[in-house]
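Engineer: What follows is the residue order along each chain.
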Amino acid sequence: MADLNVTIGDLKLKNPVTTASGTFAYGEEFKEFMDPGKLGGIFVKGLTLHNREGNPYPRMAETASGMLNSVGLQNKGVDHFIEEIFPRIKQFNTQIIANVNGSTIEDYIRVAEKLNGLGEMHAIELNISCPNVKEGGMAFGINPRSAREATEAVRKVYNKTLIVKLSPNVTDIAGMARIVEDAGADAVSLVNTFLGMAIDAEIRHPILSTVTGGLSGPCIKPLALRMVYDVYKAVSIPVIGMGGIMNAIDAIEFMLAGATAIQIGTANFTDPSVSLKVIDGITDYCKRHGVENIVELVGGLE
Amino acid sequence: MADLNVTIGDLKLKNPVTTASGTFAYGEEFKEFMDPGKLGGIFVKGLTLHNREGNPYPRMAETASGMLNSVGLQNKGVDHFIEEIFPRIKQFNTQIIANVNGSTIEDYIRVAEKLNGLGEMHAIELNISCPNVKEGGMAFGINPRSAREATEAVRKVYNKTLIVKLSPNVTDIAGMARIVEDAGADAVSLVNTFLGMAIDAEIRHPILSTVTGGLSGPCIKPLALRMVYDVYKAVSIPVIGMGGIMNAIDAIEFMLAGATAIQIGTANFTDPSVSLKVIDGITDYCKRHGVENIVELVGGLE
Amino acid sequence: MKRIQDFKVAGYTWLNRDSYLIELESEQDLPGIAPGNFAEIKVPGNPGVFLRRPFSIFDVDYDYRVLSIFIKIIGEGTRALGSLNQGQPVSLIYPLGNTFSIPEKGPVLIIAGGSGMAPFLLLGKKLKERSVNATYLLGGRTSEDLHMIETFSDYGQVFASTEDGSAGTQGVVTDHEVLKDKTLPFRMIYTCGPDPMMKAVARLARQRNIPCEASLEHMMACGFGACLCCVTETAEGKNVCVCTEGPVFNVKNLAWQI
Amino acid sequence: MKRIQDFKVAGYTWLNRDSYLIELESEQDLPGIAPGNFAEIKVPGNPGVFLRRPFSIFDVDYDYRVLSIFIKIIGEGTRALGSLNQGQPVSLIYPLGNTFSIPEKGPVLIIAGGSGMAPFLLLGKKLKERSVNATYLLGGRTSEDLHMIETFSDYGQVFASTEDGSAGTQGVVTDHEVLKDKTLPFRMIYTCGPDPMMKAVARLARQRNIPCEASLEHMMACGFGACLCCVTETAEGKNVCVCTEGPVFNVKNLAWQI
Ligand SMILES: Cc1cc2nc3c(=O)[nH]c(=O)nc-3n(C[C@H](O)[C@H](O)[C@H](O)COP(=O)(O)OP(=O)(O)OC[C@H]3O[C@@H](n4cnc5c(N)ncnc54)[C@H](O)[C@@H]3O)c2cc1C
Ligand SMILES: Cc1cc2nc3c(=O)[nH]c(=O)nc-3n(C[C@H](O)[C@H](O)[C@H](O)COP(=O)(O)OP(=O)(O)OC[C@H]3O[C@@H](n4cnc5c(N)ncnc54)[C@H](O)[C@@H]3O)c2cc1C
Ligand SMILES: Cc1cc2nc3c(=O)[nH]c(=O)nc-3n(C[C@H](O)[C@H](O)[C@H](O)COP(=O)(O)O)c2cc1C
Ligand SMILES: Cc1cc2nc3c(=O)[nH]c(=O)nc-3n(C[C@H](O)[C@H](O)[C@H](O)COP(=O)(O)O)c2cc1C
Ligand code: FES
Ligand code: FES
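Chains as they are written, first to last, in my numbering: chain X, 234 to 535; chain V, 234 to 535; chain P, 4 to 261; chain C, 4 to 261.
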């Protein structure tokens with residue numbers, strides 16, 4: 234069987250298959266469907282400094298081969314996570330990675346500081362790309378200067394592996410990746426959701442309470458693949474790829490485009506056990522193609 | 234029956250339904266399937282100064298609810314169009330709008346000059362957003378300065394209605410729309426295709442000969458709608474909307490988001506008579522909703 | 004305990020042009036299903052319906068391992084589920100959500116609008132088991148919206164009202180006489196249906212000081228607490244998931260403007 | 004003249020685990036269909052297969068208004084077309100593309116690899132009509148890839164070759180003895196199948212100075228000249244649409260490296 238271990242900075246994953254922030258809750262919701270301990274890692278739901286109730290309902294609209302969401306980072310705050318949730322989920326035999334959000338650079342710093350002290354968590358994902366919050370979020374990720382500032386600020390207070398999650402809603406994502414690499418990121422993850430909109434023509438009204446939301450699912454896969462491919466060529470830190478991965482072949486495509494690890498997002502909603510099927514499928518692919526070490530596939534287009 | 238007439242600059246369309254450049258050839262290919270004379274207008278296949286053979290095969294890959302293409306502006310050049318094709322297709326009882334492309338500003342100017350003299354053509358669409366050519370194309374549309382320069386240069390030599398087609402592959406499409414409005418555009422059309430990629434994992438190779446291509450079809454509709462909505466709020470010139478329109482309800486959504494007219498693209502491939510169904514469906518919708526004049530719908534979200 | 008389970012289509016009963024019962028049969032045993040629980044169904048063979056669709060469990064036969072689901076066609080998913088082949092496999096995630104609370108004693112009133120009656124057959128069965136006397140009030144725009152009145156009448160007296168008077172009393176449910184009779188000592192009102200109807204029922208229940216539980220049909224992406232898309236606001240201003248904290252809520256806990 | 008036309012599934016003939024003939028019946032009369040013409044078929048009820056799929060017209064019955072299409076399953080679309088219900092409507096855009104040229108007199112040789120035999124039943128019929136003597140050489144990896152040899156033998160002598168020797172001569176088609184017999188005065192070679200095979204055939208034809216026509220199976224988005232996605236390069240370095248200028252090309256006009 235192929236060796237599936239991959240390394241992102243100092244973070245060691247037993248396989249490249251992880252679950253995307255906001256689509257796997259804290260992992261506990263999936264226990265009846267699969268063993269989270271088999272995953273390479275879990276990127277937990279986005280955390281903010283304080284409790285957030287998120288946006289009003291409706292927060293979701295189905296689209297062709299995808300969905301829009303505008304959850305808006307609903308969570309009980311980082312302290313609640315550290316005290317109540319992490320002690321439970323760190324029992325899973327896998328890497329737990331927090332997804333760090335803020336409305337200001339100060340917020341990002343405070344959340345990262347708190348997580349820096351958290352033993353047994355070896356990486357955070359800095360989300361500068363959430364399209365569903367008014368202040369902060371994507372605003373940081375689409376502006377080169379603030380992307381740099383946020384990364385540098387968090388780098389100063391966070392000593393372990395720092396992954397920066399990039400927004401696809403930019404002209405030049407490779408340039409953005411280079412900027413956060415310069416600013417001290419150990420890895421980049423991409424893509425977050427694409428800004429989109431749905432309208433109910435019968436009532437002449439936007440479907441989402443927030444008018445616009447973030448598009449995810451198989452519809453965005455070709456766009457995400459292109460971005461992973463461009464970023465991989467532009468930086469020398471590892472790339473974590475995601476966007477519409479539904480099965481093992483999709484995952485392999487992202488790795489061939491340059492991803493060292495992948496995240497599964499929206500697919501968890503329609504098949505909560507999909508991530509384990511992806512691991513099995515990757516193993517099969519490696520066998521069929523004589524791949525002994527999964528890292529051979531990373532950026533392995535011919 | 235509702236009044237379906239709309240106006241884009243000095244261009245009068247008998248209804249808001251037109252076909253998108255590169256997806257309807259020169260209209261003649263559709264004569265057996267429908268009467269092109271019923272359309273509001275036809276945006277013909279992209280023209281360049283000289284003959285272009287386009288990119289090598291393969292130029293197409295199907296994706297979830299969409300397709301990638303990298304045709305690369307194959308056409309016989311503007312002179313051939315003016316001499317051979319236009320004399321035939323101007324017989325259709327509809328507006329013919331040329332789609333103007335170039336690798337340099339000089340190219341754009343030369344093509345536009347030639348079309349300026351063409352009686353019976355009342356508008357051109359300046360394509361600064363083609364992702365499938367190495368030089369020019371999208372490069373103009375993702376850079377504010379060159380977008381301005383191209384528009385200004387063509388504005389000087391073209392006296393009739395100038396529509397500028399925007400690239401969705403930018404951080405701020407509303408800003409780009411304002412720039413081309415300032416530079417003299419009479420209208421903007423959006424979106425062109427999104428840069429994407431497809432990989433054949435079995436052979437570890439990109440599917441398109443050009444590696445990346447442009448994504449179109451229903452998968453992009455939520456993204457395109459959001460952009461039309463943002464651009465509509467930002468400019469005071471008319472907006473022509475497109476991206477994944479498959480039926481009349483999709484078309485109405487674009488009009489509600491702010492489009493004065495719409496273009497149907499990829500849908501022509503799967504149903505070459507779809508555009509006439511869209512016209513009928515819009516008429517129905519107006520009847521059901523008591524809309525007397527189609528322009529009531531433009532930007533008509535409640 | 005919730006699970007993903009494959010069923011096979013065992014048959015359909017069409018109730019009218021756009022409503023049907025679908026029977027789904029499994030080879031595995033069924034878990035315990037409480038009234039109000041729902042299932043997330045994957046529409047098979049139709050990648051055009053991307054997300055699963057939530058439906059109340061209308062009825063269950065543990066012996067023969069059969070679930071009945073009542074479905075009203077409103078879009079592509081509900082249409083596609085109505086034309087599967089006998090024996091075709093269908094994947095369910097279930098049982099999801101919470102259940103209704105059952106008072107020590109009755110009588111209780113169940114008010115359903117149109118397809119909102121779906122969770123109330125199992126509730127009626129449970130009430131009967133617990134010897135709690137139930138009255139049903141089924142409402143709709145026309146008689147076409149009322150289904151299976153005879154089935155429900157095994158579990159309580161059934162009143163009907165339609166807006167056009169084509170069945171039962173003419174008018175909206177909240178105008179029905181059974182609600183006007185102040186002497187009827189209902190211990191609980193259960194409701195499910197269109198939002199405006201449920202809110203009108205909630206208002207009435209508050210006026211009469213009767214506890215009221217409503218089953219909400221919010222749009223869901225997952226159905227099991229993973230996405231946080233299905234929220235409703237509570238009286239304290241918190242957003243809670245309808246799929247895990249609901250779908251049944253005591254209306255006094257909701258931020259409804261009533 | 005090309006058109007969009009609705010057909011109904013009249014039946015299937017399964018040839019092996021992954022190949023079948025589908026019969027499609029129409030209420031309208033059929034237009035004239037030439038050998039080599041193809042149809043763009045919309046996979047019904049499966050929005051997951053977004054674009055139409057091109058298939059040669061295998062056979063046609065004008066009296067009963069029935070088309071036969073030979074399909075080999077290679078992905079989602081060809082799989083879905085294999086499990087439609089009898090009577091289910093299927094939309095076709097057809098007849099598309101050009102046709103083969105027929106020489107004044109024979110004999111001619113038809114070399115097909117696997118499912119590449121699809122356009123050659125109609126060609127065989129036309130050749131017979133014109134009294135042009137035809138020889139078929141059908142090749143495949145195994146005997147599983149060879150289909151309907153008896154059907155073809157009504158229109159010419161049929162030779163077979165398989166790479167594993169499980170039917171006919173062992174080896175690739177271009178090694179077959181019928182090609183080695185320099186005394187056979189073929190006036191034309193027609194070929195359809197995998198690209199490497201067609202190129203090998205083209206090379207051989209050039210060596211022997213025999214005109215050769217190949218039917219290309221390029222990926223298509225529209226099939227009728229609207230998208231310019233399906234091009235092949237000509238000897239003069241032009242890109243021409245396989246769907247309108249082809250699918251049949253005289254190989255001397257192609258930019259094939261042979
Ligand atoms: C807990 C729960 C239990 C349910 N039980 C039943 C049941 O037993 N029987 C039954 O027939 N239906 C039930 N529903 C509703 C059912 O889920 C929807 O009718 C179904 O998902 C529609 O799918 P579709 O693909 O046909 O329509 P779509 O094409 O998805 O939708 C058609 C239109 O309806 C709107 N819409 C869809 N779902 C909702 C919603 N939940 N709220 C508001 N608008 C919506 C869409 O925005 C769209 O405009 C239940 C819903 C929930 C949340
Ligand atoms: C003019 C013409 C006539 C044809 N006639 C027949 C016929 O009579 N019988 C028959 O069985 N098939 C025929 N084909 C091929 C047929 O169109 C494809 O097999 C079919 O489109 C595959 O659809 P799918 O959804 O099953 O596979 P997909 O899921 O679309 O594809 C599966 C895999 O095959 C690749 N692929 C698909 N189509 C092609 C192609 N054309 N060239 C190269 N790679 C491809 C895809 O990239 C993918 O990797 C013809 C094609 C053309 C252009
Ligand atoms: C409902 C929902 C909630 C999400 N919440 C977050 C979040 O809190 N933080 C974050 O970085 N990304 C969030 N995302 C984005 C995903 O992590 C992922 O980047 C995106 O969905 C693309 O992957 P997919 O197409 O596989 O879903 C969310 C996505 C969805 C659909
Ligand atoms: C095969 C193909 C060729 C295209 N060629 C052109 C072109 O020549 N000029 C242009 O401006 N846009 C071109 N486009 C873009 C379309 O005009 C349209 O902007 C895009 O496809 C989005 O609309 P849709 O989703 O409805 O197809 C092309 C699109 C496709 C699919
Ligand atoms: S539907 Fe996903 S959390 Fe409720
Ligand atoms: S397939 Fe569209 S032009 Fe040939």
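Source of the hints: derived by calculation from the structure; they are not laboratory data.
We treat Cβ as the ideally placed atom computed from N, Cα and C, and that holds for glycine.
Keep in mind that a hint or two might mislead.
As the list claims (entries may be wrong) - From the derived model, a few chain X residues whose C-beta atoms are all more than 12 Å from chain P:
no., residue
1, E286
2, P291
3, A372
4, L534
What the hints assert, rightly or not - Cut-off 27 Å, straight-line C-alpha distance, at most; resulting in silico cross-link-like pairs (DSS-like, lysine-lysine):
no., chain 1, residue 1, chain 2, residue 2
5, P, K241, X, K309
6, P, K241, X, K347
7, V, K520, X, K367
8, C, K129, C, K108
9, P, K185, X, K309
As the list claims (entries may be wrong) - Not close to chain P: a few residues of chain X, all C-beta gaps over 12 Å, as computed:
no., residue
10, T256
11, K264
12, M267
13, N308
14, R321
15, G408
16, T445
17, K466
18, M479
Engineer: Take the C-alpha atoms of K129 of chain C and K108 of chain C, compute the straight-line distance between them, and say whether it is at most 27 Å.
Structural biologist: It holds: about 13 Å lies between the C-alpha atoms, which stays within 27 Å.
Engineer: Take a quick look at M479 of chain X and tell me if its Cβ sits farther than 12 Å from every Cβ on chain P, holds or violated.
Structural biologist: 10 Å, violated
Engineer: Could you check that no beta carbon of chain P comes within 12 Å of the beta carbon of K466 of chain X?
Structural biologist: 32 Å, holds
Engineer: Should the label of K264 of chain X as a non-interface residue stand, given a Cβ cut-off of 12 Å to chain P?
Structural biologist: Answer for K264 of chain X: violated, closest chain P Cβ roughly 10 Å.
Engineer: What's the verdict on K185 of chain P and K309 of chain X, does the C-alpha distance respect the 27 Å limit or exceed it?
Structural biologist: Roughly 44 Å between the alpha carbons, so the hint for K185 of chain P and K309 of chain X is violated.
Engineer: Would the non-interface assignment of T445 of chain X survive a Cβ cutoff of 12 Å against chain P?
Structural biologist: T445 of chain X clear of chain P: closest Cβ-Cβ about 15 Å, beyond 12 Å.
Engineer: Regarding the assertion that E286 of chain X does not contact chain P, is the least Cβ-Cβ distance greater than 12 Å?
Structural biologist: Non-interface label on E286 of chain X violated, nearest chain P Cβ at 5 Å vs cutoff 12 Å.
Engineer: Would you check whether the claim that L534 of chain X is not at the interface survives, using Cβ distances to chain P and the 12 Å cut-off?
Structural biologist: The claim stands: L534 of chain X keeps its Cβ more than 12 Å from every Cβ of chain P (closest is about 27 Å).
Engineer: Decide if the proposed pair is consistent with the structure: K241 of chain P and K347 of chain X, CA atoms, cutoff 27 Å inclusive.
Structural biologist: 25 Å, holds
Engineer: Far enough from chain P: is every CB of that chain over 12 Å from the CB of N308 of chain X?
Structural biologist: Violated, because the least Cβ-Cβ distance between N308 of chain X and chain P comes to about 9 Å, which does not exceed 12 Å.
Engineer: Would you check whether the claim that G408 of chain X is not at the interface survives, using Cβ distances to chain P and the 12 Å cut-off?
Structural biologist: 32 Å, holds
Engineer: Verify that the Cβ of R321 of chain X lies farther than 12 Å from every Cβ atom of chain P, and report whether the claim holds or is violated.
Structural biologist: 15 Å, holds
The structure shown violates the earlier hints numbered 1, 2, 7, 9, 10, 11, 12, 13 and 18.
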